[in-house]
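Generate the whole structure from the sequences, applying the supplied hints.
Chains U and S, in that order, are what the protein sequence lines are.
According to our numbering, the first sequence holds residues 1 to 693 in order.
According to our numbering, the second sequence holds residues 1 to 230 in order.
These are computed hints drawn from the structure, not numbers from a lab.
Since the model is a prediction, treat every value here as computed from it, not as a measurement.
Any given hint could be a false lead.
If you want the ones that stay clear, here's a sample from chain U, every Cβ over 12 Å from chain S, calculated [stated by the list, open to error]:
# : residue
1 : 200
2 : 441
3 : 475
4 : 526
If we take Cβ atoms under 8 Å as the criterion, some of the chain S residues that face chain U in the derived model are [stated by the list, open to error]:
#  : residue
5  : 66
6  : 70
7  : 93
8  : 97
9  : 98
10 : 101
11 : 102
12 : 103
13 : 106
14 : 109
15 : 113
16 : 122
17 : 125
18 : 127
Note that CB positions come from ideal geometry on N, CA and C, so glycine has one too.
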Amino acid sequence: MNQDITKFRNIGISAHIDSGKTTLTERILFYTKRIHAIHDVKGKDGVGATMDSMELEKERGITIASAATFCEWLGHEINIIDTPGHVDFTIEVERSLRVLDGAVLVLCSVGGVQSQSITVDQQMKRYKVPCIAFINKCDRSGANPDKVTKQLKEKLGHNPVAIQIPIGLEAEFSGVIDLLSMKAIYFEGKNGEIIRTDVIPENLLEEAVKKREELVDAASVFSDELTEAILEEKEIKESMVVTALRRGSLSRQITPVLLGSAYKNKGVQPLLDAVIKFLPCPYDTENIALDMDNNEAPVILSADSDKPLVALAFKLEEGQYGQLTYIRVYQGLLAKGDNIYNVRTGKKVKVGRVVRMHASQMEEIESIPPGYIGALFGIDCASGDTFVSPGLSYTMTSMYVPKPVISLAIKPKDNKSEVNMSKALNRFTKEDPTFKTFVSEETGDTIISGMGELHLEVYLERMRREYNAQIVSGVPRVAYRETITKRSEFNYTHKKQTGGAGQYGRVAGYMEPVDEEFVFDNQVRGGAIPTQYIDACEKGFRNCLSKGPKLEYPVTGVKIVINDGASHAVDSSDMAFQSAARGAFLEGYLKAKPVIIEPIMKVVVETPTEFQGAVLGSLNQRRGIIFGTQDEVTSCVVEAQVPLAEMFGYSTTLRSMTQGKAQFTMEFATYKHVPQSLAEELIRKAAEEKKNL
Amino acid sequence: MVSNNLTLRHPLGRLLGNNTEIIQEGGFGAILAYAGVGKTALLIQLAIYNLLNNKNVLHISLNDPVKKVGLWYKEVFRNIVSQLGISDQQQIFEEMLPHRFIMTFEVEGFSVPKLEERLTDLMEQNIFRPNVILIDGLPFEVSQEESLLKLKSFAQNHSLEVWFTVRIHKGEEPSGIPANFNSVEYLFEKLILIQPEGKGIQLKALKGGKSDSGVNELFIDPTTMLVTDL
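Laid out in structure tokens, this is it:
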């Protein structure tokens with residue numbers, strides 16, 4: 001195994017649905033000789049692409065879990081994380097970005113920068129991941145790489161620099177001109193594995209010279225040597241331009257743009273060259289851990305194998321031989337037989353088998369060097385856990401986990417399914433922090449909740465296929481919440497002094513709306529409530545939150561301030577004050593104009609202009625507030641906020657309405673008040689359900 | 001409903017007259033200024049005034065994406081309410097949103113027939129029926145007479161008030177007003193010029209100003225871009 005850290009690359013390939021990530025990855029693996037045959041994503045040969053290892057992914061033609069795979073190119077070792085393109089699986093994307101050093105942003109030369117690319121790009125910005133762009137599908141009719149490059153600049157705010165121009169486009173697409181070496185590159189042989197370089201065709205020479213000038217000009221910002229060479233009209237060496245571009249792209253100030261068609265086997269090898277030239281090695285990126293012993297002070301980690309270990313488990317998989325934990329080592333060496341600590345649980349673990357993954361096949365190795373991604377067997381942990389050497393208590397920055405917005409009741413059909421279902425749920429919740437499950441106290445049903453309809457559907461489907469669990473699912477439910485809208489006072493005395501041990505406690509203060517979920521502020525002066533009972537008061541208030549007095553939805557956005565109270569020398573107790581707090585909450589809550597709030601989703605629909613009217617109508621019918629429409633030449637983007645409750649089945653409606661030409665993305669935006677008429681409807685339904693219980 | 005606890009004076013009221021119908025329905029108004037002086041900010045103040053008075057505003061932007069226009073509104077609104085010292089601004093803002101519709105076009109893709117088609121579509125489906133249309137960024141460097149005439153008759157048919165922004169250039173004509181604008185000037189009832197004056201920024205009514213009162217200029221606060229009485 002290569003130990004030179006500058007020859008490592010951890011990269012991700014992220015993009016919009018159907019812009020061809022998986023096909024591209026497949027080709028990369030083929031050219032790096034990791035696989036010996038090419039299978040298509042929606043393959044007729046029944047094998048499917050190598051990265052899409054889950055059966056379900058193969059069937060739907062989408063990538064769900066990001067398998068990590070390893071390959072070699074020109075003496076460099078590349079780890080590729082295949083990331084899912086659908087917004088419902090955003091947590092997977094975010095998690096893989098955490099462990100990447102660089103990314104290839106794949107764009108479709110016809111579709112250009114679409115809404116999902118924007119989301120992914122924002123995530124990359126958040127984690128400061130440098131990237132290069134690959135404009136794919138240049139062989140398709142309507143291909144326009146120039147337009148896409150322009151969009152990169154306008155829509156994503158990148159500073160794109162073309163380092164190639166196409167030789168022909170659409171059906172005529174036959175190769176690319178490399179502006180660094182000023183050579184034409186053709187891809188020959190059955191699978192494009194033979195690269196033939198040639199002089200630039202006469203008719204493209206002028207454009208190539210012009211584009212090269214632009215390229216050198218953009219690169220010169222990052223290199224004095226290059227600027228001097230330009231000014232003194234010396235010969236400009238390729239290596240000078242590459243060094244300057246690398247500097248620019250590592251600091252995210254330049255995005256080198258390449259082109260090709262993965263499906264037609266064109267332009268993939270130069271992309272690999274560019275990965276090595278322009279994307280960082282683990283040494284180039286700064287990784288920060290938090291020191292738990294030192295008030296979470298940030299610590300910069302160095303990719304040094306002699307330092308103590310810091311590693312992050314970023315993905316779990318249930319394999320044939322037990323749990324497989326994908327892990328990235330940031331500092332130190334993770335070797336077989338080591339004792340390491342899980343920072344979250346404080347448990348000591350002994351490292352058993354260490355492997356390197358290639359989708360579902362694996363290779364045994366002795367140790368994982370820093371900056372590297374590998375996998376461990378037989379380690380019990382959740383994804384996102386940090387592992388360290390004994391004596392250290394660093395944690396990698398906690399990842400932002402959005403709250404679930406939709407839930408679904410599920411029931412196993414028979415006993416066997418019940419066992420399998422609980423196995424499956426146990427694993428899914430460990431793997432995916434946005435997927436939650438619990439048992440409803442009222443109905444006894446198992447409830448699963450997640451980030452969207454498709455998110456839950458995929459898990460249901462996986463339970464059926466991978467775990468052979470026959471599941472009946474209910475209607476999806478929206479996660480309604482309750483909150484208060486105005487300030488109100490409470491002053492409640494809990495008194496029970498008739499026979500037996502007495503209970504006494506008085507709690508007074510006020511509650512008001514707040515942006516946070518719950519705030520408790522103790523302003524009691526002079527011991528009106530003895531300090532030992534303050535915690536009991538807080539607990540009493542907190543216990544009221546899970547079930548709101550109005551409609552039994554969880555309560556959020558309440559600030560409680562207590563400023564007075566009374567106690568009794570004998571009859572006051574923790575219990576008494578908890579009860580008093582509960583009473584006070586009820587008293588104040590009903591006066592504070594409680595309302596029901598519902599999750600509102602930000603919906604972005606991209607549609608050909610002729611369907612704009614129909615799309616607007618459909619969003620309007622769904623209680624959507626349309627923010628605006630954005631006209632581009634042939635397509636149109638509609639932005640709106642629509643309540644989640646109205647969005648069930650929208651993908652089907654949209655598809656049938658627009659002949660399948662429109663697509664939409666949806667993500668959680670905010671919680672808003674439910675309109676009065678609907679609130680009444682909810683109250684009526686709740687009452688009915690209660691009757692039926 | 002929206003404006004129950006927030007009444008706002010028309011930003012140009014003191015300049016143009018105190019009746020709320022600043023322009024007759026079907027009328028045109030224009031805000032002229034050099035680049036970067038505050039055309040869009042003033043336009044959005046007009047929009048917010050109308051929104052708070054329960055009028056539906058269609059904002060057409062030929063330069064900026066929807067998101068950016070949305071941010072403009074947030075920013076201007078925040079400045080207005082913080083000047084007035086109102087606390088529950090979020091709620092008022094959210095109540096305003098259904099009354100606003102943003103459309104963005106690429107400059108070359110914009111045409112009046114296209115706009116009419118879109119608008120008719122919106123109105124027929126009862127999604128949105130504007131009272132006021134704001135058009136930001138229409139290039140007056142080229143002749144717009146034909147389009148404006150079409151738009152005028154459309155505006156009259158649907159009783160719409162339409163405001164434009166006009167970018168003027170240094171060194172053109174004495175006033176800097178594009179020559180092509182002068183040829184369509186007769187279509188406009190109100191013309192407001194924004195120009196830097198000494199330390200501040202001044203608003204002047206070039207056309208349609210109020211003659212009876214002494215006020216014929218207003219100022220813009222350069223930090224908030226809001227119209228002040230100073």
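For each hint given before, does the structure comply? Return the numbers of the non-compliant ones in rising order.
7, 15
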